[in-house]
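The residues making up each chain are set out below.
2 protein chains.
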Amino acid sequence: MNTLMSDIKITRTKTTKIHDVDFDNLNFGRTFSDHMLVCDYKDGKWQSPEIVPYQPIVLDPSAKIFHYGQSVFEGMKAYKDANDSVWLFRPLENFKRLNISSKRLAIPELPEDIFMEGLKALLKVDSNWIPKKEGSSLYIRPFIFASGNGFHASPADQYKFVIALAPSGAYFSGKVKVLIEETYSRSANGGVGFAKAGGNYAGQFYPTQLAVEKGYQQVIWTDDTNHEYIEEAGAMNIFIRINDTLITGPTSDRILDGITRKSIIDIAKREGIPVEVRKITVSEVVNAAKDGSLKEMFGAGTAAVVSPISGFGYKGIDYDLPELKDTYATFIKKYITDIQTNKSDDPFGWRVKM
Amino acid sequence: MNTLMSDIKITRTKTTKIHDVDFDNLNFGRTFSDHMLVCDYKDGKWQSPEIVPYQPIVLDPSAKIFHYGQSVFEGMKAYKDANDSVWLFRPLENFKRLNISSKRLAIPELPEDIFMEGLKALLKVDSNWIPKKEGSSLYIRPFIFASGNGFHASPADQYKFVIALAPSGAYFSGKVKVLIEETYSRSANGGVGFAKAGGNYAGQFYPTQLAVEKGYQQVIWTDDTNHEYIEEAGAMNIFIRINDTLITGPTSDRILDGITRKSIIDIAKREGIPVEVRKITVSEVVNAAKDGSLKEMFGAGTAAVVSPISGFGYKGIDYDLPELKDTYATFIKKYITDIQTNKSDDPFGWRVKM
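Protein sequences, first through last, are from chains C and S. Per full-length UniProt numbering, the first sequence starts with residue 1, numbered consecutively. Per full-length UniProt numbering, the second sequence starts with residue 1, numbered consecutively.
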C-alpha cells in the first residue's frame with residue numbers, strides 16, 4: 001500500500017464547532033475538532049483511510065471491543081509556532097509503538113503511510129484547531145479497536161483505526177502527590193504492561209481511586225512480585241533525582257517505553273546531567289527522602305509533559321520533597337517544550353514540520 | 001431501585017430473524033436473538049432498563065471503552081427442557097461476580113433487580129430462541145462498558161449494561177490440546193485476573209496464536225513470577241486428575257472464580273471423588289505424566305462446559321494423556337448438564353426456573 005495525501009478522501013463538515021470553543025480556557029481531552037480520520041481493517045487488510053466529520057461510531061453489540069478489550073492507542077501533540085507552522089514531536093516513535101502494542105494484542109499492524117499521511121492530511125484539514133497559547137496544544141489520539149463481531153474469545157476479524165483531535169490545556173494542574181503502591185499491581189511479567197493497551201488503564205482506576213481518597217493524585221506502581229521496585233505511574237514514567245543524579249527505571253515488558261522518557265534521558269546526557277537507567281528500589285527512595293539526598297521526583301509523558309511531584313506516601317507515612325529553586329524538572333520541561341514548539345534549536349532532529 | 005418485570009419497557013422488533021437460523025447447526029456466539037436489554041448509568045445512577053430490538057450501539061469516538069478498556073462481562077446459558085420450561089444455572093453467582101469484576105474496574109455496581117428481572121423479561125420475550133437440541137443452549141452475554149466520553153485517563157461518568165442472547169452450539173469441537181506457558185502471563189499479583197474484564201482476554205490472544213501455530217488450541221497459564229504453578233486456561237479453569245484424585249488450583253487475585261469450577265468441586269465431594277483445591281506445580285503434572293499417574297486433564301467453564309484435554313506441551317515436549325474408558329470428565333459433564341437441563345434431580349438447588 002502506498003497512500004498519498006492526495007489519495008485520502010475528505011468529506012468536510014458543513015458546520016464547524018470551532019466558534020463554540022474557548023481556546024483560552026481549554027480542559028484536557030474533552031473538546032474535539034471538526035474531523036477525524038477513519039480506516040477499517042477487513043478482508044485481511046487495511047482499507048483506504050478517509051477523513052470525515054467527527055461523528056459517532058456505530059457497532060454491533062457483539063463487537064469484540066466490548067467484550068475482549070482488544071484496543072491500543074497513542075498520545076501525541078501538535079504545536080503551532082509564531083509563524084503558524086505546525087510541528088509534531090517524534091511522530092514515527094508513536095507509529096512504531098502503536099504497532100508494538102498492536103502485535104501484543106493480536107491486532108494487525110498498520111502500514112506507516114496510513115498513519116503518517118493520514119495524520120498529516122487530518123492536521124491540514126483541522127489546522128485551525130491547533131492552539132497557540134503557551135501550555136496548550138492539539139492533543140492527538142490515534143487508536144485502534146476490534147470492531148469485528150462474535151462472543152468467541154478470539155481475535156476479531158475486523159478493526160477500526162481512528163485519529164481524533166482534542167485542543168487541550170494541561171493534564172495536571174499544579175504539583176502531584178503520589179502514593180507508592182504496596183497491594184495492587186499494574187502489570188505482570190510476560191504481560192502487556194509495555195503496550196499502550198486499553199486494559200492496562202482500566203486496571204489502574206480502582207487503586208487510583210483508593211489513593212485519591214487518601215489525598216494522592218496518582219499511584220506509583222511497583223513490581224507485582226514483592227512491590228520492591230519503582231516502575232511507572234500509569235499516565236507517565238517516573239524520574240527520581242538523588243543528589244545530582246537523575247534516575248529512571250529501565251523499560252521492560254511491564255513498563256511503557258515512553259517517548260518523553262527517552263527524550264529526557266538524551267537531553268540529560270547532552271546537557272551534562274548525570275543520568276542512570278537502572279532499577280530503583282522503593283527503600284532507596286525512602287532512605288534518600290529520610291537523609292535529604294532525594295531532591296526531586298517528576299513524571300514524564302506526552303499528556304503530562306514533565307509533572308513535578310510534591311511528595312509521596314508509603315506505608316502510611318508521607319514524605320515531602322524539598323522546594324528547590326533550580327530544578328531539573330523546570331529545566332527539562334522548558335528544554336523539551338522549546339524544541340516541541342520551535343522556540344529553540346533542535347539538536348536531536350526530533351521536531352517534524354507538517 | 002426496585003425494578004419489576006412489569007416496569008420494563010419493551011419495544012418489540014417488527015421482523016423476527018428466527019426463521020433464518022438453522023438451530024440444528026449452531027456455531028458459538030455468532031447468531032443473535034431478536035432483542036436485547038439495555039440500561040444506562042448516568043447522573044450518578046443506573047437508569048431504567050429497557051428491552052429493544054437487537055440493534056447497533058452508537059458511541060462518541062472518545063467513549064472510554066475505546067481507550068481505557070473499562071469493560072466487564074458474564075457468560076451464562078439458558079436451557080429448555082422437554083416441557084418447554086426454561087432454566088438457568090446459578091444466575092445469582094453470575095450477578096455477584098459481575099459486580100466483583102465491576103468494582104475492580106471502577107465501574108459502578110449494578111442493582112440485583114436490574115440484572116435478574118431484566119434477564120427474566122428478556123428471556124420471556126425471546127424464549128423461542130432457546131435451543132432444545134442436546135449440546136445446544138442459549139448463550140447469555142451480560143456486559144457493561146464505559147460509554148462516557150473524554151481522553152483523560154480516569155473512570156467514565158457513563159456506562160451501558162447490555163444483555164445479548166446467542167443460540168449456540170459447542171465452544172470447542174473435540175478434545176483440546178494445550179500448551180503450558182513458559183514466557184507470557186495472563187495476570188499479575190494484585191492485578192485484575194480474577195475479574196471477567198475485557199483486557200484479560202485481549203492479552204491472551206497473541207500467546208494463544210503462537211500456541212495455535214505450534215498445534216495447540218489453548219494455553220494453560222502459569223504464575224508470572226516463575227511459571228511454576230498451573231493457573232487457568234483463560235476461557236476455562238483447569239482440573240487435573242492424578243491417580244483417583246481430582247485437583248484444581250485455588251482461586252486468587254490472578255484466577256477467575258469459575259461457577260462451573262466450584263460446582264464441579266461440590267459434585268466431586270458429593271459423589272465421593274477425592275478432590276483437592278491446592279496449588280499444583282507444573283513439575284508435578286509433568287512427573288505424573290511421565291510415571292503414568294496423570295489420568296485426566298479437563299477445562300471447566302460456562303462456554304466450554306467440561307472440555308477434556310488430550311495432551312499438553314511443555315518445554316518442547318508433548319505429553320499425551322491416556323484414553324480412559326470411564327473418565328471423571330464424562331461423568332461430571334453429564335452430571336452437571338443433567339442438572340442444567342432438568343434431566344435429573346438438583347440436590348444443590350442450582351437450577352432456577354425462569
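Rather than coming from a laboratory, the hints here were simulated on the basis of the structure. What you are looking at is a predicted structure, and each value in this text was computed from that prediction instead of being measured. Careful: at least some of the hints might be erroneous.
Capping the alpha-carbon separation at 25 Å, the derived lysine to any residue pairs in SDA-like fashion look like this [stated by the list, open to error]:
1) S:Lys14 x C:Val58
2) C:Lys279 x S:Thr183
3) C:Lys45 x S:Arg30
4) S:Lys214 x C:Glu109
5) C:Lys42 x C:Arg30
Short, incomplete list of chain S residues facing chain C, as computed with Cβ under 10 Å [as the list claims (entries may be wrong)]:
6) Arg104
7) Ser127
8) Pro131
9) His152
10) Ala164
11) Glu181
12) Arg186
13) Pro308
Now the in silico label distances, taken between C-beta atoms and shown as ranges [what the hints assert, rightly or not]:
14) S:Asp320 x C:Asn287: 48 to 56 Å
15) C:Lys45 x S:Lys315: 34 to 42 Å
16) C:Lys279 x S:Ser293: 38 to 46 Å
17) S:Glu50 x C:Thr11: 30 to 38 Å
18) S:Gly44 x C:Ala170: 22 to 30 Å
19) C:Asn287 x S:Asn243: 35 to 43 Å
Where is the CB? At the ideal position from N, CA and C, for every residue including glycine.
Item to check | Hints not upheld, ascending by number | outcome: Hints 5, 7, 8, 13, 19 not satisfied by this model.
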